[in-house]
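2 protein chains.
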Amino acid sequence: MTGGFERSTNSLRDRAVRPNGPTLTSVAEACGVSRQTVSNIFNAPHKVQHETRARVEAEIARQGYRPNRSARSLRTHRSHLLGYCVPPPPRGGNAVMDGFLHAVTDAAERRGYHVLLFTQPLDGTGPRSAYEALIGHRAVDGFILSDTTTGDGRQAWLSKRNVPFAAFGRRFVEPEIGSWVDVDGAAGTASAVAHLATLGHRRLAFIGWPIGSGVGDDRCRGFVEATAAASLEVAGIERAEDRIDVGRSLAARLLSLTDPPTAIVCVSDLLALGCDAALRDRGLTPGRDIAVTGFDDSPAAGLPAVGLTTLRQPIDRAGEHVVRLLVDRLADTRTGTAGPADEQILLEPTLVVRTSTTR
Amino acid sequence: MTGGFERSTNSLRDRAVRPNGPTLTSVAEACGVSRQTVSNIFNAPHKVQHETRARVEAEIARQGYRPNRSARSLRTHRSHLLGYCVPPPPRGGNAVMDGFLHAVTDAAERRGYHVLLFTQPLDGTGPRSAYEALIGHRAVDGFILSDTTTGDGRQAWLSKRNVPFAAFGRRFVEPEIGSWVDVDGAAGTASAVAHLATLGHRRLAFIGWPIGSGVGDDRCRGFVEATAAASLEVAGIERAEDRIDVGRSLAARLLSLTDPPTAIVCVSDLLALGCDAALRDRGLTPGRDIAVTGFDDSPAAGLPAVGLTTLRQPIDRAGEHVVRLLVDRLADTRTGTAGPADEQILLEPTLVVRTSTTR
Numbered sequence: 002m003t004g005g006f007e008r009s010t011n012s013l014r015d016r017a018v019r020p021n022g023p024t025l026t027s028v029a030e031a032c033g034v035s036r037q038t039v040s041n042i043f044n045a046p047h048k049v050q051h052e053t054r055a056r057v058e059a060e061i062a063r064q065g066y067r068p069n070r071s072a073r074s075l076r077t078h079r080s081h082l083l084g085y086c087v088p089p090p091p092r093g094g095n096a097v098m099d100g101f102l103h104a105v106t107d108a109a110e111r112r113g114y115h116v117l118l119f120t121q122p123l124d125g126t127g128p129r130s131a132y133e134a135l136i137g138h139r140a141v142d143g144f145i146l147s148d149t150t151t152g153d154g155r156q157a158w159l160s161k162r163n164v165p166f167a168a169f170g171r172r173f174v175e176p177e178i179g180s181w182v183d184v185d186g187a188a189g190t191a192s193a194v195a196h197l198a199t200l201g202h203r204r205l206a207f208i209g210w211p212i213g214s215g216v217g218d219d220r221c222r223g224f225v226e227a228t229a230a231a232s233l234e235v236a237g238i239e240r241a242e243d244r245i246d247v248g249r250s251l252a253a254r255l256l257s258l259t260d261p262p263t264a265i266v267c268v269s270d271l272l273a274l275g276c277d278a279a280l281r282d283r284g285l286t287p288g289r290d291i292a293v294t295g296f297d298d299s300p301a302a303g304l305p306a307v308g309l310t311t312l313r314q315p316i317d318r319a320g321e322h323v324v325r326l327l328v329d330r331l332a333d334t335r336t337g338t339a340g341p342a343d344e345q346i347l348l349e350p351t352l353v354v355r356t357s358t359t360r
Numbered sequence: 002m003t004g005g006f007e008r009s010t011n012s013l014r015d016r017a018v019r020p021n022g023p024t025l026t027s028v029a030e031a032c033g034v035s036r037q038t039v040s041n042i043f044n045a046p047h048k049v050q051h052e053t054r055a056r057v058e059a060e061i062a063r064q065g066y067r068p069n070r071s072a073r074s075l076r077t078h079r080s081h082l083l084g085y086c087v088p089p090p091p092r093g094g095n096a097v098m099d100g101f102l103h104a105v106t107d108a109a110e111r112r113g114y115h116v117l118l119f120t121q122p123l124d125g126t127g128p129r130s131a132y133e134a135l136i137g138h139r140a141v142d143g144f145i146l147s148d149t150t151t152g153d154g155r156q157a158w159l160s161k162r163n164v165p166f167a168a169f170g171r172r173f174v175e176p177e178i179g180s181w182v183d184v185d186g187a188a189g190t191a192s193a194v195a196h197l198a199t200l201g202h203r204r205l206a207f208i209g210w211p212i213g214s215g216v217g218d219d220r221c222r223g224f225v226e227a228t229a230a231a232s233l234e235v236a237g238i239e240r241a242e243d244r245i246d247v248g249r250s251l252a253a254r255l256l257s258l259t260d261p262p263t264a265i266v267c268v269s270d271l272l273a274l275g276c277d278a279a280l281r282d283r284g285l286t287p288g289r290d291i292a293v294t295g296f297d298d299s300p301a302a303g304l305p306a307v308g309l310t311t312l313r314q315p316i317d318r319a320g321e322h323v324v325r326l327l328v329d330r331l332a333d334t335r336t337g338t339a340g341p342a343d344e345q346i347l348l349e350p351t352l353v354v355r356t357s358t359t360r
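Residue numbers (my numbering), protein chains in the order written: chain A, 2 to 360; chain B, 2 to 360.
Bound-form chain A, shown alone:
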């Protein structure tokens, strides 16, 4: 009885496997089960009886069958891809982005997703067209945003279209739109001020980004509040573009004051590296003559020639959270129940102390 069955499946097996390689059908026929059962092995293994499962898995292994990702996508109406727009090459800025990308890719894989990269067109057709094309072609299930700007239009645009997304970085206008994870910039600069106060500094200055930059305003607020709380004197607050040469000339101006600061808190490593250069221009040693702090812990900050005290962003945790926020939302859309409320997460940066404050 089994003998006849085995012969029969063998002939089916030969017919099914040879011409086009193993398929769902060739596995199902070889095992004498339905195609749905084989499909369940991949998508709902708990629905398959133990002995059937063992038999089908052995046959899958024997044939070397792998489910076609595109077929799975058509069936589940999912691409299992998360879209991420690669920012243009930084050359000095955006020092944490490569670590973020690794963290996001790793976190996505652990949840059965991959990351699809795209760029914003540089031909003036605007950023939305890239997002729109991917949505239109159903190429991704949702988006991970980064490099968010103060008045970023993407969050509202995606929300309106019910496209799932999660952002690394807040909008500072209407921050309640969408789920995001961000680093608490105000807490970061406040901890730099506390560190300087402990070292005995009583007269501080701040070099920040232009007013209206949400991230810059947030970090500036931390400085203002912490100096006020500790009754420290503020020698000056400068706001300008995030460039080394800008930091260099603003620091030079602060050092020329009748009563210059003994410590300069910077909104970024780049501006702090400019301060470092301005000090050296005058024969001063950072950390001995004037203390300097940055923000980001970019690779340059750790160089022996620089040794910049700075704030390190918990980039692995940020990547993990942003993927979790997005994938929760996708799982949610699938079950068809009402989505969870948007979730917003603030992570604390860590002060990394180097010679620029403690030589």
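Derived from the structure by calculation, the hints contain no laboratory data.
These figures come from a predicted structure and were not determined experimentally.
Among the clues, some could well be false.
Cβ-to-Cβ under 10 Å is the rule here; a few derived chain A residues that face chain B [said to hold, decoys possible]:
| # | residue |
| --- | --- |
| 1 | Y66 |
| 2 | Y85 |
| 3 | V116 |
| 4 | A140 |
| 5 | I245 |
| 6 | V247 |
| 7 | R249 |
| 8 | A253 |
| 9 | D277 |
| 10 | S299 |
| 11 | P305 |
Just so it is clear, CB atoms sit at the ideal spot from N, CA and C, and this is done for glycine as well.
Based on the hints, put chain B in the right spot on chain A.
Frame of chain A, contents of chain B only:
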């Protein structure tokens, strides 16, 4: 006559478009053409008569129809995705990788592809399992390799399985396997030597990577050949790990020689930054007392505090070439004709002169 037809298509249109959004069928029915004709608009527009094409395109625009990427993939047996393994976060190394990723993504998009990111599992299951899973699930059409190592097993492994790939970086053992684009390291260090000779240096040293590192051996060869050709003296050749502290101690050793070099050529910016630190340790000024060159033009090299003369890799062109090599191979597989011979491209790096050689 046309009136009745129009009413009929209108009612079909209403039925087809409303419940599930526009589909291939809803467009076909609204235009009174076959589904194949609508499909051809996207995949073989030359097969569609001019007036039909205009009519179908107008209807596609009216309904806002976009072909489903998964459906297209099933039909064409293509995912239109190129797999790329994100290297683990560098923190100082791999300074050119974010620029490479942007270049690759941009070049892929211009050819109708996107980049799918994945990581190598860190749990000891080995790098191949990640490639194998993506091939097995038909998640990508081919791979872009980077961070190739001297005895890299991936190229031979992928070749044997007829999986299309192209690499940024050579294997130095059996370099003939597969298509690749790489930067000519020997030409780079040779141009650094020529620059130093022009400045009057006659006694040089080299700090490189361990023997057996293909990239390191190549860059060392350029130094050895160029110093010999210009009859320059070689004060020493050190080979060690790519770390700042290692460069610092090796440079200290070279500077302690009875007859120390007047210039040190380094295989990387990281080792050159170590040299820079060793010079400062002894109160020497790089570029005035001793000249130092690096390789990569990492962001740190351009800092005012550092000013490192170094070699810049043409990373945009490398990204463009590697995508072209891979996509040509894919187009080729599709037509079923024999593939083109593997193509190998060497690009010249550019010497960027800063204060570390010319203060």
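With a cut-off of 10 Å, does the beta carbon of Y66 (chain A) approach a beta carbon of chain B closely enough for the hint to hold?
Since chain B brings a Cβ to about 9 Å from Y66 (chain A), closer than 10 Å, the hint holds.
Status of the I245 (chain A) interface restraint (C-beta, 10 Å, chain B):
holds, 6 Å
When the least beta-carbon distance from P305 (chain A) to chain B is tested against 10 Å, hint result
For P305 (chain A), the interface hint holds, since the closest Cβ of chain B sits about 4 Å away, which is under 10 Å.
Take the shortest C-beta to C-beta distance between V247 (chain A) and chain B; is it under 10 Å?
violated, 12 Å
Please verify that hint: R249 (chain A), Cβ, nearest Cβ of chain B, below 10 Å or not.
holds, 7 Å
Should the hint that A140 (chain A) touches chain B count as held when the rule is a Cβ pair under 10 Å?
Since chain B brings a Cβ to about 5 Å from A140 (chain A), closer than 10 Å, the hint holds.
Answer holds if the nearest beta-carbon of chain B is closer than 10 Å to that of V116 (chain A); otherwise answer violated.
Constraint on V116 (chain A) satisfied, holds at 4 Å.
Evaluation of the interface hint that places D277 (chain A) against chain B, nearest CB under 10 Å:
holds, 6 Å
Hint check: is the beta carbon of A253 (chain A) less than 10 Å from a beta carbon of chain B?
For A253 (chain A), the interface hint is violated, since the closest Cβ of chain B sits about 12 Å away, which is over 10 Å.
Report holds or violated for the interface hint on S299 (chain A), using the least CB-CB distance to chain B and a cut-off of 10 Å.
holds, 8 Å
Holds or violated: is there a CB of chain B closer than 10 Å to the CB of Y85 (chain A)?
holds, 8 Å
When held up to the earlier numbered hints, the structure conflicts with 6, 8 and fits the remainder.
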